[in-house]
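**Student:** Starting from the known structure of chain A, arrange chain B on it as the hints suggest.
2 protein chains.
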Amino acid sequence: MILTYAMIGTWRMAHEGLTAAMADLKQGGRSTDAIETAIQAVEDYPFFKSVGYGGLPNQQGLVEMDAAFMDGDTFAIGAVAGISDVKNPISVARQLSNDHFNSFLVGAGASQYAMFNGFERRNMLTERAHKLWAKRVKEINEKNLSPYDGHDTVGMISLDQQASMAAGTSTSGLFMKKPGRTGDSALSGSGFYVDSEIGGAAATGLGEDLMKGCLSYEIVRLMGTGLTPQQACDQAVYPFVEKLKKRYGKVGEFSLVALNAQGQWGVATNVEFTFSAGNEQQAPAIFMANPGPDQTTIIEPISAEWLAAYEKRIKAPVD
Amino acid sequence: MILTYAMIGTWRMAHEGLTAAMADLKQGGRSTDAIETAIQAVEDYPFFKSVGYGGLPNQQGLVEMDAAFMDGDTFAIGAVAGISDVKNPISVARQLSNDHFNSFLVGAGASQYAMFNGFERRNMLTERAHKLWAKRVKEINEKNLSPYDGHDTVGMISLDQQASMAAGTSTSGLFMKKPGRTGDSALSGSGFYVDSEIGGAAATGLGEDLMKGCLSYEIVRLMGTGLTPQQACDQAVYPFVEKLKKRYGKVGEFSLVALNAQGQWGVATNVEFTFSAGNEQQAPAIFMANPGPDQTTIIEPISAEWLAAYEKRIKAPVD
Numbered sequence: 000m001i002l003t004y005a006m007i008g009t010w011r012m013a014h015e016g017l018t019a020a021m022a023d024l025k026q027g028g029r030s031t032d033a034i035e036t037a038i039q040a041v042e043d044y045p046f047f048k049s050v051g052y053g054g055l056p057n058q059q060g061l062v063e064m065d066a067a068f069m070d071g072d073t074f075a076i077g078a079v080a081g082i083s084d085v086k087n088p089i090s091v092a093r094q095l096s097n098d099h100f101n102s103f104l105v106g107a108g109a110s111q112y113a114m115f116n117g118f119e120r121r122n123m124l125t126e127r128a129h130k131l132w133a134k135r136v137k138e139i140n141e142k143n144l145s146p147y148d149g150h151d152t153v154g155m156i157s158l159d160q161q162a163s164m165a166a167g168t169s170t171s172g173l174f175m176k177k178p179g180r181t182g183d184s185a186l187s188g189s190g191f192y193v194d195s196e197i198g199g200a201a202a203t204g205l206g207e208d209l210m211k212g213c214l215s216y217e218i219v220r221l222m223g224t225g226l227t228p229q230q231a232c233d234q235a236v237y238p239f240v241e242k243l244k245k246r247y248g249k250v251g252e253f254s255l256v257a258l259n260a261q262g263q264w265g266v267a268t269n270v271e272f273t274f275s276a277g278n279e280q281q282a283p284a285i286f287m288a289n290p291g292p293d294q295t296t297i298i299e300p301i302s303a304e305w306l307a308a309y310e311k312r313i314k315a316p317v318d
Numbered sequence: 000m001i002l003t004y005a006m007i008g009t010w011r012m013a014h015e016g017l018t019a020a021m022a023d024l025k026q027g028g029r030s031t032d033a034i035e036t037a038i039q040a041v042e043d044y045p046f047f048k049s050v051g052y053g054g055l056p057n058q059q060g061l062v063e064m065d066a067a068f069m070d071g072d073t074f075a076i077g078a079v080a081g082i083s084d085v086k087n088p089i090s091v092a093r094q095l096s097n098d099h100f101n102s103f104l105v106g107a108g109a110s111q112y113a114m115f116n117g118f119e120r121r122n123m124l125t126e127r128a129h130k131l132w133a134k135r136v137k138e139i140n141e142k143n144l145s146p147y148d149g150h151d152t153v154g155m156i157s158l159d160q161q162a163s164m165a166a167g168t169s170t171s172g173l174f175m176k177k178p179g180r181t182g183d184s185a186l187s188g189s190g191f192y193v194d195s196e197i198g199g200a201a202a203t204g205l206g207e208d209l210m211k212g213c214l215s216y217e218i219v220r221l222m223g224t225g226l227t228p229q230q231a232c233d234q235a236v237y238p239f240v241e242k243l244k245k246r247y248g249k250v251g252e253f254s255l256v257a258l259n260a261q262g263q264w265g266v267a268t269n270v271e272f273t274f275s276a277g278n279e280q281q282a283p284a285i286f287m288a289n290p291g292p293d294q295t296t297i298i299e300p301i302s303a304e305w306l307a308a309y310e311k312r313i314k315a316p317v318d
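Read top to bottom, the protein sequences are chains A and B. Heads up, the first sequence is in numbering that gives the first Met the number 0, so the first residue is 0 and it goes up one at a time. Heads up, the second sequence is in numbering that gives the first Met the number 0, so the first residue is 0 and it goes up one at a time.
One chain only, chain A, in its complex shape:
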């Protein structure tokens, strides 16, 4: 077997955490640790407004978060939905994955478990997120806007030199969601799935539509039949987008990333989508994906202009 390592994560926000975790994988670090540390970095950065600290709150102003962790060797899963006031939901999810029973906790029970097990308590609402929330409430009232906007999950898949794979997700969910709303991120098969003998996949986008298709499971299954990650993503995602349009009448935005046990990756999306990926041969880099013709995906390196505009946008003053 070729000893290699690789990692992929959704959105530009994945990049710094993923790059640091890849350095650990290069030194022989484990895929499980890589997932946790990389996602912790995204959760901790205050300017990413859809994950962890700085994440946008629900309708009532509370930051409620979802996270999951899956070990591709054993299929062990830990997950939390609607957890609040906890610094690193991904770490709670990882610890839960060690238990055979009670490994998916929701709401107050999830927060209570985290406190009882010594996880760090933190007010996850930043002043910036509070201002963005207040501004949105005002806009909804004044302009009769749809309240729901923004739902970017960080989802990652990792492969280590022992051929073990892992997957993780973390999100503060749909902006202005109703209290207790959860999406696909904590749901096995929809938000994530990984099998070390095949590969893994993770999703971001409108969870309510993603759970209609179990796309992460389907991508892994297709890779198991011999498809490359890119073929698997294209074949799982684009026909499902068409099916949802026909059967449900509409379809939300979503994007999926995949990595196989050989360190190759792929993505598919129905919207402009950035991601970070790297493997032994190729240093971690940020890419942009867009839906292409005939159920394909167009992937390009990210431009310096886009990155500069992004940096400016996430830190722009909130009036």
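If you're looking for bench data, these hints aren't it; they were derived computationally from the structure. Among these hints, one or two may not hold up.
It does not matter which identical chain is used: a pair holds within one copy or between any two.
Unchecked claim - Cross-link-like lysine to aspartate or glutamate pairs, in silico, EDC-like; alpha carbons within 16 Å at most: (1) K130 - E299; (2) K134 - D318; (3) K137 - E196; (4) K245 - E196; (5) K134 - D32; (6) K249 - D98; (7) K242 - E252.
**Tutor:** Showing chain B alone in chain A's frame:
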């Protein structure tokens, strides 16, 4: 197209609700209504100790319930996890399935939604369930028993004469679970899945293991390749049981039921399992399934002796 109707549900407890709903389907009733009314009947019956009223409470003595509803025509899903003090979780899940956003609610948010939308509030803890809980707490303390036992979800699939299908699940979850614990029942692809053009499947058993395999989705997918429901159940479930034993080291008890768009049904299980099923040709009846040789399932009509013993057992005095 042959106009037919059919229904299948997990466990002996499904039978009365399913029989009444089948009578509606015969008269041209809708599959969606059949799922809701049949599962309501199970939720309302006080002697079924793993679903709705009379369901066993969590570690702290609170009855926390999970339920989901899926429309096989549109893939619309509604779900609740960790909801409490609500008479019919299946009806809350069904109403949520009408929303494109916020259609899966957990914890206090789910209960709050139910109250705000006029659902009936009810203390779901019966005196009998309270006694069973207290007895178990005592046994755990005195005999050092594993606290976890019992996790029977009612899961149903229906087909109506307009060729529409629906799926639903409802459970009070793992007995003595930690507060906030949820299993597979509210999770699309794991606890249930249905596509009116193919068929549907639903699961019962240890949710923590079921979500490792996305078996409901997989059974529907296999039926979509032309397999009968029985072939699809056998091919999805038994290899997965072997895979989990090998990769995770152990496997909980679980059972799956499936129904296709032609009204044929199938089941697979790794434990003694009862279910109720019927179609246009065959009146609803209770069957018993057991794992057979070479990854097959042995299905027999239920015996009068078993039914009498069951009736006695569920109503036996609690000392």
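**Student:** Evaluate each hint against the coordinates.
**Tutor:** Now for the hints, and whether the structure bears them out:
When the C-alpha separation of K130 and E299 is checked against a cutoff of 16 Å, the pair qualifies neither within a copy, at 34 Å, nor between copies, at 64 Å. Proximity of K134 and D318 under a CA criterion of 16 Å is satisfied intra-copy only: 8 Å inside one chain copy versus 59 Å between copies. In this assembly of identical chains, the alpha carbons of K137 and E196 never lie at most 16 Å apart, being 50 Å within a copy and 44 Å across copies at closest. In this assembly of identical chains, the alpha carbons of K245 and E196 lie at most 16 Å apart only when taken from different copies (13 Å versus 35 Å within one copy).
For a Cα distance limit of 16 Å, the shortest separation of K134 from D32 qualifies neither inside one copy, at 38 Å, nor across copies, at 42 Å. With identical chains, the CA atoms of K249 and D98 are at most 16 Å apart between copies only, with a shortest distance of 12 Å across copies and 39 Å within one. Taking the shortest alpha-carbon separations for K242 and E252, only the intra-copy value of 14 Å comes in at or below 16 Å, while the best inter-copy value is 34 Å.
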